[in-house]
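The task is simple: from the sequences and hints, build the whole structure.
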Amino acid sequence: MVSYKEIVESLENEFSQAFDFIAKELVWNEEHVILCYYSTMIDTAVVMEQLQTIQRKFEAGEAEYGQTAFSEEMTFTIKQFRESICNGETVIVFPKTDKMIRILLPKIASREPSSPENEYVVRGGHDGFVENLDVNINLIRKKLKSPDLKIEKHTIGAKSNTTVSIIYLTTKVDNEALKVLKARLDRIEAEMIYSSGQLEDYLEDVIWSPFPQFLNTERPDRAVANLVDGKIIIFSDSDPTALIGPITLFTFYESPDDFNGRVLVGSFYRLVRLASFFTAIFLPAFYIAVVSFHFEIMPIDLGEQVKSSVANIPFRPIFEALLLELLIELIREASIRLPSPIGQTIGVVGGLVIGDAIVAAGLASNLMVIVVASTALASFVVPSVEMNTTVRLLRFPFMVLASMFGFFGIVIGSMLLFIHLLNLQSLNRPYLSPIIPFEPTKIKSIFFRLPYYKQVPQQRNFYLFSKKGKKKHD
Amino acid sequence: MTKWTLSNKQLFLFLFILQTGTVFISVQSRVIKAAEQNSWLIFIAVSLFHLFILHIFNKYYKYFQLNKFEKWLYQIYWYTIVVTFLAYIDFILEVWAFPQTPAYIVISLMVIVSLYANLSKYAVALNISVILIPFIVIFLAMLSLATKDLIWTNLFPFGQIDSKQWIDGVGQTMYAFIGIEAFLILRPFVEDKKELKFRSIALYQLILTLFFVITILYVLLFFSLEEIKIIPVTIMYLLKSQEITFLQRLDLFFTYIWMTWSVISVVLFMFLGLSLYKTMYTRSIKFTVFIHFLVSILPLFLITRELVKKSHDILMYGHYFFGLLFPLFIMLKGWRKSLREKKV
Amino acid sequence: MKKKFSIILLVTVLLSGCWDERLNKNIVSVPMVAFDGEVGHLKGYYGLPGKQRNTTEYSYITVDGTSIEDLRQKVDLQVNEGIDLSKLSSILISDELAEKELYHLLDQYYRNARNRLNTYLLVTEGDPEPFIKFGEKMGDDVNNYYSELVQGFIHKSVFPNIDLQLACSYLMDEAIDLTLPYVKISSENGVPEVVGLALFDGQKFTGKTLNHVESLLLQVMKDKIGKYANVSYIDNEVPVSFRINRIKRMMKWEGTTITIDYRLKVGIMEYYENHLLDENRKKKLEKFIQEKMTSDMEKVVEILHESNTDALGIGRIARAFHPDVFKEKKWKEIYPTLTIIPKVQVEITDTGVLD
Numbered sequence: 379m380v381s382y383k384e385i386v387e388s389l390e391n392e393f394s395q396a397f398d399f400i401a402k403e404l405v406w407n408e409e410h411v412i413l414c415y416y417s418t419m420i421d422t423a424v425v426m427e428q429l430q431t432i433q434r435k436f437e438a439g440e441a442e443y444g445q446t447a448f449s450e451e452m453t454f455t456i457k458q459f460r461e462s463i464c465n466g467e468t469v470i471v472f473p474k475t476d477k478m479i480r481i482l483l484p485k486i487a488s489r490e491p492s493s494p495e496n497e498y499v500v501r502g503g504h505d506g507f508v509e510n511l512d513v514n515i516n517l518i519r520k521k522l523k524s525p526d527l528k529i530e531k532h533t534i535g536a537k538s539n540t541t542v543s544i545i546y547l548t549t550k551v552d553n554e555a556l557k558v559l560k561a562r563l564d565r566i567e568a569e570m571i572y573s574s575g576q577l578e579d580y581l582e583d584v585i586w587s588p589f590p591q592f593l594n595t596e597r598p599d600r601a602v603a604n605l606v607d608g609k610i611i612i613f614s615d616s617d618p619t620a621l622i623g624p625i626t627l628f629t630f631y632e633s634p635d636d637f638n639g640r641v642l643v644g645s646f647y648r649l650v651r652l653a654s655f656f657t658a659i660f661l662p663a664f665y666i667a668v669v670s671f672h673f674e675i676m677p678i679d680l681g682e683q684v685k686s687s688v689a690n691i692p693f694r695p696i697f698e699a700l701l702l703e704l705l706i707e708l709i710r711e712a713s714i715r716l717p718s719p720i721g722q723t724i725g726v727v728g729g730l731v732i733g734d735a736i737v738a739a740g741l742a743s744n745l746m747v748i749v750v751a752s753t754a755l756a757s758f759v760v761p762s763v764e765m766n767t768t769v770r771l772l773r774f775p776f777m778v779l780a781s782m783f784g785f786f787g788i789v790i791g792s793m794l795l796f797i798h799l800l801n802l803q804s805l806n807r808p809y810l811s812p813i814i815p816f817e818p819t820k821i822k823s824i825f826f827r828l829p830y831y832k833q834v835p836q837q838r839n840f841y842l843f844s845k846k847g848k849k850k851h852d
Numbered sequence: 004m005t006k007w008t009l010s011n012k013q014l015f016l017f018l019f020i021l022q023t024g025t026v027f028i029s030v031q032s033r034v035i036k037a038a039e040q041n042s043w044l045i046f047i048a049v050s051l052f053h054l055f056i057l058h059i060f061n062k063y064y065k066y067f068q069l070n071k072f073e074k075w076l077y078q079i080y081w082y083t084i085v086v087t088f089l090a091y092i093d094f095i096l097e098v099w100a101f102p103q104t105p106a107y108i109v110i111s112l113m114v115i116v117s118l119y120a121n122l123s124k125y126a127v128a129l130n131i132s133v134i135l136i137p138f139i140v141i142f143l144a145m146l147s148l149a150t151k152d153l154i155w156t157n158l159f160p161f162g163q164i165d166s167k168q169w170i171d172g173v174g175q176t177m178y179a180f181i182g183i184e185a186f187l188i189l190r191p192f193v194e195d196k197k198e199l200k201f202r203s204i205a206l207y208q209l210i211l212t213l214f215f216v217i218t219i220l221y222v223l224l225f226f227s228l229e230e231i232k233i234i235p236v237t238i239m240y241l242l243k244s245q246e247i248t249f250l251q252r253l254d255l256f257f258t259y260i261w262m263t264w265s266v267i268s269v270v271l272f273m274f275l276g277l278s279l280y281k282t283m284y285t286r287s288i289k290f291t292v293f294i295h296f297l298v299s300i301l302p303l304f305l306i307t308r309e310l311v312k313k314s315h316d317i318l319m320y321g322h323y324f325f326g327l328l329f330p331l332f333i334m335l336k337g338w339r340k341s342l343r344e345k346k347v
Numbered sequence: 225m226k227k228k229f230s231i232i233l234l235v236t237v238l239l240s241g242c243w244d245e246r247l248n249k250n251i252v253s254v255p256m257v258a259f260d261g262e263v264g265h266l267k268g269y270y271g272l273p274g275k276q277r278n279t280t281e282y283s284y285i286t287v288d289g290t291s292i293e294d295l296r297q298k299v300d301l302q303v304n305e306g307i308d309l310s311k312l313s314s315i316l317i318s319d320e321l322a323e324k325e326l327y328h329l330l331d332q333y334y335r336n337a338r339n340r341l342n343t344y345l346l347v348t349e350g351d352p353e354p355f356i357k358f359g360e361k362m363g364d365d366v367n368n369y370y371s372e373l374v375q376g377f378i379h380k381s382v383f384p385n386i387d388l389q390l391a392c393s394y395l396m397d398e399a400i401d402l403t404l405p406y407v408k409i410s411s412e413n414g415v416p417e418v419v420g421l422a423l424f425d426g427q428k429f430t431g432k433t434l435n436h437v438e439s440l441l442l443q444v445m446k447d448k449i450g451k452y453a454n455v456s457y458i459d460n461e462v463p464v465s466f467r468i469n470r471i472k473r474m475m476k477w478e479g480t481t482i483t484i485d486y487r488l489k490v491g492i493m494e495y496y497e498n499h500l501l502d503e504n505r506k507k508k509l510e511k512f513i514q515e516k517m518t519s520d521m522e523k524v525v526e527i528l529h530e531s532n533t534d535a536l537g538i539g540r541i542a543r544a545f546h547p548d549v550f551k552e553k554k555w556k557e558i559y560p561t562l563t564i565i566p567k568v569q570v571e572i573t574d575t576g577v578l579d
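If you read the protein sequences in the order shown, they are chains A, B and C. Per the working numbering, the first sequence starts with residue 379, numbered consecutively. Per the working numbering, the second sequence starts with residue 4, numbered consecutively. Per the working numbering, the third sequence starts with residue 225, numbered consecutively.
Since the hints were derived computationally from the structure, they do not count as laboratory data. Check each hint, because a few of them may be wrong.
Distance condition first, Cα-Cα at most 20 Å in a straight line; then the derived SDA-like pairs of lysine to any residue [as the list claims (entries may be wrong)]:
hint	chain 1	residue 1	chain 2	residue 2
1	C	446	B	224
2	C	448	C	567
3	C	249	A	816
4	B	124	A	795
5	C	451	B	149
6	B	124	A	816
Covered by chain C, per the in silico footprint, the following chain A stretches (three or more residues, Cβ under 8 Å) [as the list claims (entries may be wrong)]:
hint	region
7	660-671
8	682-689
9	773-785
What you are looking at is a predicted structure, and each value in this text was computed from that prediction instead of being measured. All residues carry an ideal CB built from backbone N, CA and C; glycine is no exception.
Structure below.
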């Protein structure tokens with residue numbers, strides 16, 4: 379039995395400052411009921427209809443008067459009440475019988491699932507996740523019509539009451555990783571969580587690693603492809619980004635484009651992307667090492683070109699490189715913050731005008747501009763924004779090492795990096811799989827986009843040599 | 004102590020890197036100096052002998068039970084190997100790439116890699132060798148560039164091996180097999196205790212032998228004998244003389260491949276030692292740091308041409324004892340103990 | 225605290241870094257050098273391309289010194305930037321100097337890890353200074369002028385492919401002797417011109433040379449021809465040119481008499497009498513080439529014997545297969561006692577687009 383007074387007090391305490399909070403006392407069959415909702419979060423017409431149905435049932439004296447398709451009847455608790463109201467539900471409290479009915483029809487603003495801007499693909503679906511969990515689940519279910527698809531909800535954040543949902547395929551999922559993930563979710567003790575980035579911080583294995591341990595995506599096709607692989611998707615409410623785990627380093631280099639294109643084309647671009655990983659990290663370091671330590675590895679003609687380009691630069695190569703890298707980062711930041719037409723202008727102005735001027739002014743050499751520019755290009759090739767920033771960050775320590783020890787520094791640095799990657803886990807799964815643990819048969823799938831349906835031959839009429847063909851034929 | 008296991012492939016990769024590690028650039032000229040055209044024959048003979056040893060190790064590894072003293076003995080042996088290797092690596096780097104950089108910097112950077120790897124999970128040390136697989140291929144490809152310059156007549160005359168060549172040649176060949184005792188340490192951890200077949204051991208030994216014999220033959224056929232006598236790291240010199248249009252100094256790249264290779268073999272030796280330490284004491288982090296510190300200090304006293312050479316000569320006797328005699332002795336001891344237990 | 229301390233330590237150690245740094249812009253790479261004089265009183269010429277020094281003009285420096293390294297250091301005194309020999313493409317040595325000991329001059333290049341080993345060696349007729357001075361007229365080719373010259377003739381099978389490393393290998397091995405490209409300044413227009421091969425006896429240049437036709441024959445006799453091996457003769461006032469496509473070499477050892485059988489497959493490149501399908505004519509032509517080549521080869525063998533140059537590497541074969549003939553450290557005495565008889569058989573397999 380909840381006292382009427384208690385409810386009113388609670389309402390006053392918690393919601394008095396919200397102008398859109400509405401609490402009304404109604405009398406149904408001579409019983410006082412309280413109707414509460416946020417006027418900004420309900421669709422009045424729809425809720426009204428439900429309300430009338432419930433009232434009719436109640437007044438007719440039906441036993442299960444609270445149960446309709448969109449409402450739920452339960453015992454009143456202050457906690458649940460609070461949560462429901464915040465979620466935009468309409469709640470009818472029956473102080474006499476200590477019951478409440480929730481009408482689960484919140485109206486939440488949501489945009490159209492349009493193509494995500496930072497994960498553009500040439501071919502393939504152009505829909506993207508939005509800031510609404512229901513829409514996102516809808517998008518996934520649309521692509522994956524399987525009863526195996528399971529969605530679990532967790533509520534975290536004492537103040538923000540964020541719903542975090544875990545989505546996976548029961549038949550495919552890596553159960554131990556799932557257990558680890560749930561344990562980590564349960565451990566979270568935070569007041570407010572409102573973005574997937576914050577969630578990621580709580581869920582990651584090694585937070586100080588430069589490498590992301592969850593794949594972030596806003597593309598349903600990418601999410602679905604990973605679901606089928608047995609990965610787990612984590613959505614935080616009102617965030618369009620899906621976190622996917624456990625993942626490997628190489629997942630970041632796979633794009634939905636690979637499988638939308640042809641096998642050879644997809645393989646080629648996957649190789650290009652992997653090469654770009656090494657270019658983006660090592661090229662400036664390599665150049666610095668060559669120019670300041672090992673110039674004898676260049677053939678004499680090349681050496682001559684390099685020399686005449688570097689000869690009048692007043693800085694050491696490392697400062698020259700840092701200057702240009704800094705400039706490129708500036709251009710990048712500036713063009714992100716500005717609306718896209720101006721952003722492009724900034725790119726052109728920064729890239730062409732400043733690049734040209736800096737060479738003309740003798741602050742940096744032509745070659746360094748080429749090196750830094752191609753490195754920047756290589757880093758943008760990665761089809762994942764997090765990895766892209768990681769890669770760009772990683773090249774700075776290598777540049778410093780190269781400027782101090784030449785190749786020796788690069789080698790030591792890359793060994794440390796390799797050990798770090800070996801150590802790294804994503805939901806307790808090896809990050810470098812299938813290279814570590816070494817599975818030679820799976821390695822080719824890193825470098826090549828293999829035919830998706832390799833096991834199903836298309837035609838069996840021309841030749842009957844293949845075993846599969848024969849079997850089927852018989 | 005956390006449990007760890009490894010697969011057959013990991014075991015053999017571990018052994019391969021351990022055994023080739025640092026020595027694989029110097030062993031050729033050592034063997035050829037001792038046995039001239041017969042070097043590769045002697046190498047194959049010694050390799051067969053080690054195959055036999057490995058077979059025995061594999062059959063009776065259960066009797067290889069070390070007591071505390073023996074564990075310390077092995078650890079000291081491995082740390083000594085690490086110290087001599089580090090001295091040698093620095094010496095080579097100094098000659099080929101870094102005349103000015105002080106030794107303590109170079110060595111401590113390499114040791115930091117080892118420290119990091121050994122403070123990490125077990126999986127790191129067991130898997131780190133994988134990074135070398137592409138380098139092995141690159142190395143062999145670089146070597147194959149020299150094929151057109153080989154002089155086949157340098158191979159002859161062979162076959163008549165006098166006793167001096169046998170003794171010297173066998174002695175020098177032993178370098179290629181330093182670290183064979185690691186098999187005994189790792190064997191009990193091989194996954195699901197499956198029988199390790201003789202065939203896979205033979206295959207491993209074949210690959211190892213091929214690797215060394217190919218390099219020995221390349222050196223033998225590329226240089227004249229007089230030349231080999233004055234060049235200590237012939238493989239490097241061989242690569243240096245190769246010309247690629249867009250890259251000069253192939254040897255410089257090879258130096259770093261070899262350095263990676265060596266540093267990883269150092270990691271593996273340290274791992275072996277520390278894994279024995281961890282069987283005795285539960286707390287190991289302080290010791291790990293301490294021993295790495297020690298290992299980075301000691302090589303500084305060894306870096307002169309003579310001392311590097313001498314310490315390598317001493318390693319050979321270490322291998323005779325710790326790689327061959329001592330394990331056999333311990334296994335014999337364990338076998339007798341097990342007989343006694345059976346009787347009781 | 226510990227962490228802070230270790231970071232401070234690390235930073236202080238590393239801040240003094242860059243021990244081995246050698247900035248490219250502070251180094252002048254020398255593409256060619258020449259030596260004259262004698263050991264102890266060497267004279268060196270170092271070519272410095274303009275681009276390396278940010279000037280447009282080529283210049284060269286002449287220095288006197290006691291040893292190769294001494295010369296290098298003295299050159300360094302005259303150049304504002306550091307001198308670097310790691311990209312040396314050619315070393316020219318005057319014939320007088322080569323007549324003393326060759327290895328003395330090269331030791332510095334073998335010993336230093338930074339130097340490259342693909343440098344070509346050339347022996348010059350007389351003073352090498354004009355060869356370096358000629359750099360002024362080389363234009364942009366100055367970096368590789370002499371090495372490209374040598375490489376061209378390697379393709380044409382006139383020169384053996386001997387670089388610095390191989391030269392060392394030959395000098396160390398008593399069972400084979402070195403032959404190096406021999407060049408002179410043309411008396412007509414002052415341009416460097418290829419003469420043929422300089423023959424070495426052990427460490428020393430013998431003063432004897434082969435002209436370029438004989439040099440080509442020597443490569444044929446060694447069975448080491450380059451991409452092309454073209455020979456021209458005149459058969460009864462009809463010029464015949466052919467290229468050697470394949471060589472099969474067989475050696476027969478009877479005591480100290482060595483018969484070397486060559487079976488050549490040749491392709492005709494010029495022969496205006498035509499009608500080579502005619503068996504008789506073909507046979508006749510083959511016979512003519514056979515005899516001409518055999519006699520020419522005999523001449524080459526004679527010259528090699530005179531200079532006691534085992535350019536064919538007979539010693540290596542003797543060491544490998546004929547231990548009764550070969551004695552360690554004595555080969556230079558055994559070699560002159562050998563009789564070498566070349567025999568050639570020619571087969572025309574290709575006549576171009578005409579019959």
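**Q.** Pairwise hint evaluation, residue 795 of chain A against residue 124 of chain B, where the allowed Cα distance is 20 Å at most
**A.** The hint holds at about 15 Å.
**Q.** Proposed proximity, residue 816 of chain A with residue 124 of chain B (alpha carbon, max 20 Å)
**A.** 16 Å, holds
Q: Given the hint that residue 446 of chain C pairs with residue 224 of chain B, test it: the Cα-Cα distance must not exceed 20 Å.
A: Answer holds: residue 446 of chain C to residue 224 of chain B is near 18 Å, not above 20 Å.
Q) Hey, residue 451 of chain C versus residue 149 of chain B, does the alpha-carbon distance stay inside 20 Å? A) 19 Å, holds
Q. Holds or violated: are the alpha carbons of residue 249 of chain C and residue 816 of chain A at most 20 Å from each other?
A. Not OK: residue 249 of chain C and residue 816 of chain A at ~44 Å, beyond 20 Å, violated.
Q) Mind checking, does the region 660-671 of chain A have 3 or more residues with a CB under 8 Å from chain C? A) Result for this restraint: holds, n = 4.
Q | Holds or violated: residue 448 of chain C to residue 567 of chain C, with C-alpha atoms at most 20 Å apart | A | 17 Å, holds
**Q.** Coverage of the region 773-785 of chain A by chain C, judged on three or more residues with CB within 8 Å
**A.** holds (count 4)
Q. Are at least 3 residues of the region 682-689 of chain A within less than 8 Å of chain C when you compare beta carbons?
A. n = 6 at 8 Å, threshold three: holds.
Hint check: a violation occurs at hint 3 only; the rest are consistent with the structure.
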